[in-house]
Amino acid sequence: MSRTYVGMPAFPRAAAVSAGDTTLRANLRTATHTIRAKRAEAVAELDDWDRLRAAGAAVKDRTLRHLDHYLLQLEENVTRAGGTVHWAADAAEANRIVTGLVQATGESEVVKVKSMVTQEIGLNDALERAGIRAYETDLAELIVQLGDDLPSHILVPAIHRGRSEIRDIFREHMADWGRPAPEGLTDRPADLAEAARLHLREKFLRAKVAVSGANFMVAETGTLVVVESEGNGRMCLTLPDTLISVVGIEKTVPTWRDLEIYLQLLPRSSTAERMNPYTSTWTGTTADDGPRAFHLVLLDNGRTDTLADQVGRQALRCIRCSACLNVCPVYERAGGHAYGSPYPGPIGAILTPQLRGLTSPLEESLPFASSLCGACYEVCPVAIDIPDVLVHLRERVVQGGETTIRGTRTVIKPAKGHTMERAMMRTTGWVLDHPAALRRGQRLAARARRALPRRLPGPGRAWSDTRDLPEVPPESFRDWWERTRGGDA
Amino acid sequence: MTAAHGAGPGPGSRTSHPSRERILGRIRRALADVPSYERPADHPVPRDYLRTHGSRTPAESVDLLADNLSDYRATVHRTDTAGLPALLAELLARRGTRSVAVPPGLPGGWLTDAAVEPVVDSPSLSAGALDAVDSVVTGCALAIAETGTVILDGGPDQGRRRITLVPDHHVCVVRVADQVVDSVPQALERLSPARPLTWISGPSATSDIELDRVEGVHGPRTLEVVLLVEDDR
Ligand code: SF4
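If you read the sequences in order, they're chains C and W.
Number 245 in our numbering belongs to position 245 of the first sequence; there are no gaps in the numbering.
Start counting at 1 in the second sequence, then tack on 489, and there's your number in our numbering.
Bear in mind the hints are in silico, worked out from the structure with no lab data behind them.
Using N, Cα and C, we set each Cβ at its ideal position, and we do this for glycine too.
Treat the hints loosely; a few may be bogus.
[Claimed, not checked] Sample of chain W residues facing chain C (criterion: CB under 8 Å; computed from the structure):
1. R515
2. R517
3. V523
4. R545
5. V565
6. R567
7. D569
8. L580
9. R584
10. R587
11. A616
12. T636
13. R649
14. P674
15. P685
16. T687
[To be verified] No farther apart than 25 Å at their CA atoms in a straight line, the calculated lysine to aspartate or glutamate pairs in the DMTMM-like style are these:
17. K208/C <-> D556/W
18. K208/C <-> D552/W
19. K38/C <-> D602/W
20. K38/C <-> D560/W
21. K203/C <-> D657/W
22. K38/C <-> D556/W
[As the list claims (entries may be wrong)] Cβ-Cβ distance ranges computed for the label pairs, FRET-style:
23. D148/C <-> P507/W: 12 to 22 Å
24. D560/W <-> D148/C: 30 to 40 Å
25. E527/W <-> D148/C: 42 to 52 Å
26. W177/C <-> G617/W: 17 to 27 Å
27. T568/W <-> D148/C: 27 to 37 Å
28. P507/W <-> T105/C: 22 to 32 Å
29. R133/C <-> D537/W: 45 to 55 Å
30. E527/W <-> D50/C: 21 to 31 Å
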């Protein structure tokens with residue numbers, strides 16, 4: 001498996017490959033079902049969950065509708081507190097900025113805490129080209145990095161690896177990256193965690209530069225927030241002299257008080273905990289405690305294009321909890337790699353095509369990677385109507401239309417390879433002229449189907465059939481795909 | 490909230506870097522549907538969620554804190570002012586601790602019974618030196634009952650963030666009379682964003698290997714919380 005998403009096959013083909021791997025499917029299934037049940041319990045403890053969810057959505061919407069205002073306020077307050085703010089329009093610029101900042105310190109290695117945004121921009125490869133080695137410090141990211149692999153789940157990126165595979169990866173590859181695995185390493189999780197602790201400790205103690213993301217940025221105070229479990233985040237945020245945080249512009253929230261919403265929504269939705277083991281907040285730099293230099297790189301990279309779409313912009317509310325992955329019947333069968341980006345599952349299906357634009361068969365296929373069952377919307381702590389955005393993007397793929405790519409309004413043509421969908425849409429008669437009615441129809445059908453097993457009209461039908469499958473499908477994903485999508489659909 | 494939507498660079502703007510202007514310009518174009526008269530506060534945010542979940546007496550809140558801490562595999566102890574030095578001595582001895590990191594403002598007397606070498610935090614105490622220390626004893630800023638969380642804000646009885654991170658054993662003392670709040674909203678309103686905060690809910694953990702929760706990858710693998718009832722003075 002190569003460490004790149006470039007040239008990923010489009011979703012159905014990649015999904016078929018993953019779904020043929022029974023170990024992966026079994027691991028994923030156990031994992032998603034375990035988290036799913038625990039999450040439901042954690043959420044049920046709060047009888048104001050729906051009100052928190054509504055507030056969480058509203059605060060994000062307020063921020064997005066006035067994002068320029070809040071970013072300027074954030075910049076002002078980070079700067080006042082001793083930080084330096086940089087703006088990166090795209091991945092290449094962000095990588096250039098970070099590489100330059102690391103080079104200015106004279107260091108040739110950095111420690112990193114899990115950050116999807118740095119995967120999105122391919123930072124590790126960019127640093128490597130500049131002769132800088134980036135060490136991933138999250139246990140799962142370490143497993144992925146040592147295995148020369150790609151993450152497959154937002155929260156548990158190595159969800160596709162079993163314990164004995166992890167032991168083998170540690171035995172074989174730790175020595176290439178630093179302290180080797182201990183003699184006689186077993187595959188007990190506690191021993192594997194201990195091996196990672198020892199391997200990474202020497203890196204933390206000597207690291208001069210760290211790279212992080214952030215879960216939230218508070219505009220009114222200039223405070224950044226990192227939510228984590230293992231303590232590698234704390235190591236990166238406090239031990240090195242220089243901290244560089246690369247954060248998507250949509251991670252902004254207006255006020256300190258707003259954290260009271262998200263620090264309740266996020267841990268319960270993601271790890272199903274009342275609170276995650278560690279949360280760190282910092283504002284600029286603090287004399288004698290933590291890094292002496294703090295750089296914040298604010299990243300666009302397609303976010304403003306997403307913002308320009310009035311239906312699609314709600315995807316920018318996402319707090320990356322991964323609850324939608326764990327309830328998704330398509331993700332469960334397809335696995336994370338099929339989504340061809342660091343953002344797998346339902347959120348990836350709406351975010352990736354918007355961040356990158358509908359520019360290749362992969363992005364065009366992603367909005368179809370759903371049965372529109374609506375489970376993702378039900379669990380989303382910021383109430384992103386993922387099915388609605390999916391249907392909206394399907395229309396865009398099948399019919400073409402206006403979109404924004406790198407800040408420029410563009411009219412895209414109907415995608416090739418969607419003739420079947422177009423034909424189906426034509427057979428449904430007038431709906432081509434009434435896309436809103438089609439959308440309503442698909443949504444209604446999707447909602448109704450949860451009560452009455454029923455098939456979707458139009459292109460959603462192929463995916464809707466997943467819901468009729470027993471939990472352990474008797475056929476492979478490929479057979480299922482071909483039967484439902486190519487065959488009777 | 491000063492600048493309105495669509496206003497120019499705020500007073501804190503450093504330079505007019507081209508990408509900064511490009512991104513801000515793209516945002517403004519993307520938001521063409523937002524009426525120019527709309528101010529940020531005009532977009533409604535319902536805040537009818539609860540300030541606390543349930544009502545409790547102070548003693549019940551402390552019990553809930555203890556339950557939730559234990560649920561996340563922190564070890565909880567209770568004592569009073571007179572019993573604290575002996576309890577701390579016992580916890581450190583049980584662990585076989587020889588050296589213990591302490592913040593500069595740890596109340597005098599807390600460690601008088603403990604046969605340990607104190608390593609007082611100072612800016613010159615390196616991470617490498619801390620790595621050789623067995624335990625750390627601190628106070629805290631606040632604790633949240635509903636979530637089982639202790640919060641450090643770098644106060645004099647807590648020290649720099651690194652001292653509660655590098656050693657493998659953390660003993661954290663919570664003064665129950667004035668440091669326990671019920672909920673996350675109550676905690677945030679009492680905390681200063683200007684200080685670096687560390688929220689701790691149980692020992693370091695990971696579920697990255699087949700979703701088995703394992704205590705401790707990088708932070709202290711043992712967290713002991715002492716709920717201290719102080720004498721009325
Ligand atoms: S879309 Fe919602 S449920 Fe999915 S990761 Fe984002 S916040 Fe969580």
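Hints, verified against the model:
A hinted interface residue such as R515/W counts as satisfied when its beta carbon comes closer than 8 Å to some beta carbon of chain C; here the least separation is about 4 Å, so the hint holds. Nearest Cβ of chain C to the Cβ of R517/W: about 6 Å, under the 8 Å cut. The hint holds. A hinted interface residue such as V523/W counts as satisfied when its beta carbon comes closer than 8 Å to some beta carbon of chain C; here the least separation is about 5 Å, so the hint holds. About 15 Å separates the beta-carbon of R545/W from the nearest beta-carbon of chain C, more than 8 Å, and the hint is not met.
Hint on V565/W is violated. Least Cβ distance to chain C is approximately 15 Å, over the 8 Å limit. The beta carbon of R567/W is not positioned within 8 Å of any beta carbon in chain C (closest approach about 21 Å), and the interface hint is therefore violated. With 8 Å as the threshold, the beta carbon of D569/W stays out of range of chain C, its nearest partner Cβ sitting at about 28 Å, so the hint is violated. The interface hint given for L580/W is broken, as the beta carbon of that residue sits about 20 Å from the closest beta carbon of chain C, more than 8 Å.
The restraint placing R584/W at the interface with chain C is violated, with a minimum CB-CB distance near 18 Å, outside the 8 Å limit. The interface hint given for R587/W is broken, as the beta carbon of that residue sits about 20 Å from the closest beta carbon of chain C, more than 8 Å. For A616/W, the interface hint holds, the least distance from its beta-carbon to any beta-carbon of chain C being 5 Å, beneath 8 Å. Hint status for T636/W relative to chain C: holds, with the closest Cβ pair at about 4 Å, below 8 Å.
Interface restraint check: R649/W against chain C, minimum CB-CB distance 4 Å, threshold 8 Å, status holds. For P674/W, the suggested interface contact is upheld, since its CB lies about 4 Å from the closest CB of chain C, less than 8 Å. Given the 8 Å rule on beta carbons, the hint for P685/W holds: about 5 Å separates it from the nearest Cβ of chain C. Hint on T687/W holds. Least Cβ distance to chain C is approximately 6 Å, under the 8 Å limit.
For the hint linking K208/C to D556/W, the alpha-carbon distance of about 39 Å lies beyond 25 Å, and the restraint is violated. Distance restraint check for K208/C and D552/W: the Cα-Cα separation of roughly 42 Å exceeds the 25 Å cut-off, and the hinted pair is therefore not satisfied. About 43 Å separates the Cα atoms of K38/C and D602/W, which puts this hinted pair outside 25 Å; it is violated. Restraint check for K38/C and D560/W: the C-alpha separation of about 14 Å stays at or below 25 Å, so the hint holds.
Straight-line distance between C-alpha atoms of K203/C and D657/W comes to about 17 Å, which keeps the hinted pair within the 25 Å bound. Taken as a hint, the K38/C and D556/W pair is honoured in the structure, with Cα atoms around 18 Å apart against an allowance of 25 Å. Take D148/C and P507/W: their Cβ atoms lie about 37 Å apart, and the range 12 to 22 Å is violated. Checked against the hint of 30 to 40 Å, the C-beta distance between D560/W and D148/C comes to roughly 38 Å, which is consistent with it.
Range check, E527/W to D148/C: about 49 Å between beta-carbon atoms, so the 42 to 52 Å window is met. The hinted window of 17 to 27 Å between W177/C and G617/W holds, with their beta carbons roughly 20 Å apart. The beta-carbon spacing between T568/W and D148/C, approximately 52 Å, falls outside the hinted interval of 27 to 37 Å. Distance hint check: the CB atoms of P507/W and T105/C are about 25 Å apart, consistent with the given range 22 to 32 Å.
The beta-carbon spacing between R133/C and D537/W, approximately 50 Å, falls within the hinted interval of 45 to 55 Å. The hinted window of 21 to 31 Å between E527/W and D50/C holds, with their beta carbons roughly 26 Å apart.
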